[in-house]
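Protein chains in written order, with this note's numbering: chain W, 79 to 401; chain P, 181 to 359.
If you are wondering where the hints come from, they were derived from the structure by calculation, not from laboratory data. Every residue, glycine too, gets a C-beta built ideally from N, C-alpha and C. Please note: incorrect hints may appear among the correct ones.
Claimed, not checked - Far from chain P, by Cβ distances over 12 Å, these chain W residues were calculated:
{"no.": "1", "residue": "123"}
{"no.": "2", "residue": "184"}
{"no.": "3", "residue": "297"}
Claimed, not checked - Computed beta-carbon distance windows for the label pairs:
{"no.": "4", "chain 1": "P", "residue 1": "273", "chain 2": "W", "residue 2": "184", "range": "25 to 31 Å"}
{"no.": "5", "chain 1": "P", "residue 1": "342", "chain 2": "W", "residue 2": "300", "range": "46 to 52 Å"}
{"no.": "6", "chain 1": "P", "residue 1": "345", "chain 2": "W", "residue 2": "88", "range": "55 to 61 Å"}
{"no.": "7", "chain 1": "P", "residue 1": "183", "chain 2": "W", "residue 2": "247", "range": "40 to 46 Å"}
{"no.": "8", "chain 1": "W", "residue 1": "150", "chain 2": "P", "residue 2": "206", "range": "25 to 31 Å"}
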Amino acid sequence: MIIDHKVPERLQFQLDQKTLDESVTKAKLALLNDIKRSVYLYRCDLGGCNGCEIEIFASITPVFDVERFGIKNTPSPRHADIMVYTGAVTRAMRMPGIRAYEGAPDPKLIVAYGACGCTGGIFHDNYCVWGGADKLFPVDVYIPGCPPSPAQTIYGFAMALGLLGQKLHHTDIVEEPGVQAPLAYEDIPYKVRVTLERDARLYSGYCYGADLSDEFMKTIEAGSTNVMASVNELIARQQDPRKAEVFSKLRDDLVKMTVSSEQEAKDLKNALELIVASNRNVAAAQAAGELPNGSSEKLAATLQIPDELKAGIAGQAVESEGK
Amino acid sequence: MLKTIKEIFRTGDATVKYPFAPIERPPYARGKPEHDVAACIACAACAVACPPNAIQMKVDPKGGTITWSINYGRCVFCGRCEEVCPTKAIKLSEEFELAVMDKNDLEETCTYPLQRCSECGTYFASAKEVDYAVRILRQGEDDDEKQRAAASATICPKCKQKADAYRAKRRSALMGVQQ
């Protein structure tokens with residue numbers, strides 16, 4: 079959970095990061111402020127999975143068409159104004175990356191593309207990964223995403239060219255003690271809530287299942303007077319047969335958990351039969367002198383039979399003995 | 181020629197207007213994970229589930245705080261955090277414009293207070309998490325065991341272990357007396 083590399087810094091290999099001269103920095107700022115020409119883009123893969131490349135080429139298709147902003151893909155770093163670094167920087171690809179950087183004329187914009195290009199992404203703690211293009215080069219724009227969609231790519235390039243502003247900013251929030259997290263669906267018993275959510279996730283996947291169980295429980299809460307009617311109405315309303323099926327399965331769960339009057343009567347009858355049978359055995363045992371008197375009351379107490387039933391049991395026991 | 185022009189008019193313009201107009205996002209498109217500070221109980225389920233460790237938890241045992249942090253630069257937008265969150269405090273939103281000029285802007289942190297053990301006074305869990313668990317345990321259940329668990333929720337695992345050991349010792353002593 080908490081990844082802390084405890085290796086001291088003097089034992090780690092230190093990459094010599096490329097730094098910019100003052101004149102180059104000035105020229106770059108001028109370029110960033112006011113580009114009045116098409117920019118050529120060179121894409122350099124430093125050990126990625128090619129997902130980012132696919133998305134870059136998706137963004138030069140007619141649908142997204144970054145070439146309308148004058149951004150053109152070039153096959154050589156010698157013509158490049160923007161260097162796009164994709165992939166977690168691996169040990170083997172460090173030198174080719176530096177060669178491409180040196181090959182491009184100054185001033186150039188460096189874009190770290192994708193989760194791997196920004197920070198190393200999912201490969202950040204791999205043995206052969208330096209983790210991010212910013213370990214080697216002075217990066218101007220970070221475009222996160224795994225891979226960034228064409229829209230994200232266009233946004234990043236537009237930001238690099240000064241067309242759009244940055245939206246995301248660093249935030250540090252400190253919460254005061256004594257704040258309570260809200261409890262969802264407080265009116266529904268905990269066991270019912272958990273069963274519904276677990277079953278919905280079992281039927282239709284973890285993410286969508288949670289959404290469906292949310293919808294179901296909202297319906298239950300809303301229909302406080304007649305829950306079953308509102309649940310039936312929810313099922314009837316569904317256009318998607320899959321959703322309707324999941325909801326009807328959840329309704330079955332609900333019926334099973336909330337004992338209806340018929341079910342209750344059936345359960346009581348079963349319990350009664352069991353008790354009568356055991357009572358008969360007890361009576362037989364008492365007659366044979368194996369058990370002391372009054373043990374049938376004790377048995378009833380341990381079985382937790384409601385008072386109004388006891389009379390009925392006694393009556394039935396008498397009847398059965400009479401037979 | 182005329183035929184070609186006709187065809188051009190028929191097909192129309194395929195290019196989207198983005199970035200000059202908002203782009204249409206399909207439902208369930210996975211964008212930036214939005215963190216609801218109020219609903220989060222700092223239980224670290226998301227940090228455990230996160231495949232690239234974009235979400236991390238850091239405990240400060242002296243200051244009595246636990247810090248949740250996310251690095252959007254490392255996030256792979258898999259949605260595992262959304263799946264495992266018990267309070268649905270984290271949700272993948274439609275927001276996708278995440279590019280930044282400064283790497284520091286990719287990070288977001290949120291600090292929560294820790295709960296002190298009512299016996300020994302050390303910090304042992306997020307205060308919000310303990311409070312949430314107690315409220316769930318107390319909710320309409322008259323199960324004796326659950327009520328006892330709710331009553332002893334503010335005791336740290338070490339103290340619970342110690343109490344159990346003392347109880348076992350007392351019990352064995354009583355048994356010895358009886359024998």
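Could you check the structure against the hints above and give me the numbers of any it violates, in ascending order?
Those not satisfied are hints 4, 6, 7.
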